[in-house]
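So you can see what is in the structure, the chains are spelled out below.
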Amino acid sequence: MATEAAVAERAEPRTKTKKAPKPQGGTPWWMWIAIAAIVVFCLFPFYWLVNLSLKTGADLGDSSLFPPNPTLANYESIFNNSDFTRALLNSAIISLSTTALALLVGSFCAYALARLRFRFKFGILALVLSITTFPAIAIAAPLFRLWSDIGIYNTLIGLIIPNLTFALPLAIYILVSFFKEIPKDLEEAALVDGATHFVAFRKVVVPLAAPGLATAGILTFIATWNEFLLAITLTSSPAARPVPAAIAFFTGSTQFEIPYGTITAASVTISVPLILLVLFFQKRIVAGLTAGAVKG
Amino acid sequence: MTEATANTGAPQERRSRGLSEKGLAFWMVSPSMVLIALVAAYPIIYAIWLSLHEYSVRVAGLSRWAEPFGLGNYQAALQNADFWNAMVTTLIFTVASVFLELLIGLAMAMAMHAAFKGQGLLRTVVLVPWAVLTVVTAIMWRTIFESPQGFVNQIIGGDTVWLGSEPQALIVIIIADVWKTAPFMALLILAGLQVIPSDIYEAAKVDGATAWQRFRKITLPLLTPAILVALIFRTLDALRIFDLPYVLTKGANGTTTLSLIAQETFATNRIYGLGAAYSILTFITVMIVSFTYIWTVGGNIRGLAED
Chain A
1 MATEAAVAER
11 AEPRTKTKKA
21 PKPQGGTPWW
31 MWIAIAAIVV
41 FCLFPFYWLV
51 NLSLKTGADL
61 GDSSLFPPNP
71 TLANYESIFN
81 NSDFTRALLN
91 SAIISLSTTA
101 LALLVGSFCA
111 YALARLRFRF
121 KFGILALVLS
131 ITTFPAIAIA
141 APLFRLWSDI
151 GIYNTLIGLI
161 IPNLTFALPL
171 AIYILVSFFK
181 EIPKDLEEAA
191 LVDGATHFVA
201 FRKVVVPLAA
211 PGLATAGILT
221 FIATWNEFLL
231 AITLTSSPAA
241 RPVPAAIAFF
251 TGSTQFEIPY
261 GTITAASVTI
271 SVPLILLVLF
281 FQKRIVAGLT
291 AGAVKG
Chain B
1001 MTEATANTGA
1011 PQERRSRGLS
1021 EKGLAFWMVS
1031 PSMVLIALVA
1041 AYPIIYAIWL
1051 SLHEYSVRVA
1061 GLSRWAEPFG
1071 LGNYQAALQN
1081 ADFWNAMVTT
1091 LIFTVASVFL
1101 ELLIGLAMAM
1111 AMHAAFKGQG
1121 LLRTVVLVPW
1131 AVLTVVTAIM
1141 WRTIFESPQG
1151 FVNQIIGGDT
1161 VWLGSEPQAL
1171 IVIIIADVWK
1181 TAPFMALLIL
1191 AGLQVIPSDI
1201 YEAAKVDGAT
1211 AWQRFRKITL
1221 PLLTPAILVA
1231 LIFRTLDALR
1241 IFDLPYVLTK
1251 GANGTTTLSL
1261 IAQETFATNR
1271 IYGLGAAYSI
1281 LTFITVMIVS
1291 FTYIWTVGGN
1301 IRGLAED
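Chains A and B are the protein sequences, given in the same order. The first sequence begins at 1 in the working numbering and counts up by one. The second sequence begins at 1001 in the working numbering and counts up by one.
Excised from the complex, chain A in its bound form (with noise of 0.2 Å):
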C-alpha cells in the first residue's frame, strides 16, 4: 500500500523552531520531551484505572499514584460475579459472530467491487462507505420496538444482526482496499490457465488477500466489542447484555456508592484484550485505518 511504501522512506527530522540544533547523529532533547508527553497523555490515564484496580477499602479514597497495599481482591470478585463473565462471554460470542459473517459475506462483495467489472460500482462504494457513517440511533429506535414484536429482543441473535449493519461496510470497505493491492498477474494467470473467476478468487486472491482479512477482521472485532448503544439500548438482562453494556450498568445503578474497585478491575480487563491485539498487530491496524483515508 502506498502509506506502507512510504514509511521505508522516512523523511529526514526536521526541526520545529530555528534554533533547534540540527540532530547530530542523535535525537535532539526537544524531541524526548515530545516524545515523553506523548507516551504519558496516551497511557497514563490508563494507569490510573490500572493503579485504582488495584486498590481496596479505604485506599481507594486516596489520590495516590501507586496502590499503597497492591490487592488483586478486585480482579477476584468480578470473575466471581456471574453477571460479568456472562457479560465476557456474551460479548466474545457477538463480537466473533459478527467479524465472521461480515468477512465471510462482505470478502465476496469486496473482490467484486475490487476486479470484476459491473454496473453501478461506485454507487455500490459510496452506499457502504456512507452507511459506516450511519448514527447507530437511526436503526436502534425501529429495532427496539421491531425486535419486542418478533421475539428476540435481549437476544445474542437480537445484537449480532444489528452489530452486521456498520460490520458489513466496514469489512467490505477496508478489503477492498486490500484487493486492489494485490497484483492482477497472479489471478490473470490462473484465468489463462483456464480456472474460472470464481476459482481464481478462491486459490488465488483469497490465500493473498489473508492479510487483508485479518485486518478487516481485526477493526470489525474492535468496533463490534466497543459498540455501546445498540447493547444498551436492545437488552434487559445480564442473559444478553455485552460487557460495555454491563459496565454501564454497574455505574449507572447508584449515583453515591459506585464501587470502584471493582468497575475500575473489570474495565481494565474488558480492555487488556484489545491492548494485545494493538501490541501484536500494530502495523496492520494503522493500515486498516489509514487505508481508506490517505489516498486520493
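Just so you know, not all the hints are guaranteed correct.
Using C-beta positions, here's what the derived DEER-type ranges look like [what the hints assert, rightly or not]:
{"#": "1", "chain 1": "A", "residue 1": "40", "chain 2": "B", "residue 2": "1120", "range": "11 to 21 Å"}
{"#": "2", "chain 1": "B", "residue 1": "1120", "chain 2": "A", "residue 2": "58", "range": "38 to 48 Å"}
{"#": "3", "chain 1": "A", "residue 1": "184", "chain 2": "B", "residue 2": "1022", "range": "13 to 23 Å"}
{"#": "4", "chain 1": "B", "residue 1": "1295", "chain 2": "A", "residue 2": "33", "range": "39 to 49 Å"}
{"#": "5", "chain 1": "B", "residue 1": "1019", "chain 2": "A", "residue 2": "37", "range": "53 to 63 Å"}
{"#": "6", "chain 1": "A", "residue 1": "70", "chain 2": "B", "residue 2": "1034", "range": "48 to 58 Å"}
{"#": "7", "chain 1": "B", "residue 1": "1291", "chain 2": "A", "residue 2": "68", "range": "52 to 62 Å"}
{"#": "8", "chain 1": "B", "residue 1": "1160", "chain 2": "A", "residue 2": "37", "range": "17 to 27 Å"}
Hints in this document: simulated from the structure, not taken from any laboratory. A virtual CB, placed ideally from N, CA and C, is assigned to each residue, including glycine.
Given the structure of chain A, go ahead and fit chain B onto it with the hints provided.
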C-alpha cells in the same frame, strides 16, 4: 460514473466456462446488498414510518393517528426546547473536540514523523487510547475528575464537582473524547505526512527555506487532503456521540446530545413516535455531513471503483 465498460479489453472466451463476469459479480455482490437492505435500509424505513404514524403526547398513553400519516412528531420535536438544547450541545461538543483533536493530533503526528527511533513503539502507544473501549474511557475520566479519588482537584487545589456542574461536565466529556481520538487523528495525519516525498524538503532546504516556511508552504498544503478526510470523519463520529455522556452524566448538567435525547425518549420514556422523529432528525444531520465526506473522498472511491 461506473467503469463498467465490459466490452473492451479482456478476452471473451473464458466466460464460456463458469459464470460470466457480470453474472459472477451479481452473485458476489447480492448477498451483501440483501443483508444491507435488511439490517440498514429496513430499520431506517421503519423508523421513518414510526415517526410519521405513531403519535404520542409527552404524557404516556400512546395513541395512533387516525390519518394515514402526519408530521406531528417532527413539529413536536422542532418546537421542543430540549431538542434544540441537545442540538446546541452536540454542535459545541463536535466543534470543540474535533478542533482540539486536530491540533493535538497534528502536533503528535509531526513529532512521531520526526522521531527516527522508536516510531513503531510510539505507534503502538498511540493506539492504546484508540483500543480502550469508549465506556471504559468514560469510567477512567470519571475516576480522574471525581473526588475523592480523582487527582485533578488535588493538583489544581480546587473542590469543583466536575460532573455535577454545568459547563464543567461537558468539558470533562470533551477531554475524554479528545484523549480517545486525538491519537487516531495523529495516525491519519502521520500517514499523510509519510507520502510527502522527502526530496521536496531537500529542494526547499537548498533554496534556503526555514523550518517554519517548509511547514507552511510544503507540509500544510500537501497535508490538506489527509487532514480534511480526518476532520470530516471525526465530525461524523462526534455528531453521533452517545457513550460518553450516557456513562458520565446520563445527560445531566447540559450534556444531553442528539443521540441521547432520542434514546431516552423511546427507550426510557417509551414514546416511540417522537423518539423515532428525533432519531431521524439526528440521522439527517449526520447524513448532510456524510455527503460532504463522500463528496470529498469521491476521488478515492472512484479510484477503488476503477478497473
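(request) Could you check the structure against the hints above and give me the numbers of any it violates, in ascending order? (result) Violated hints: none; all satisfied.
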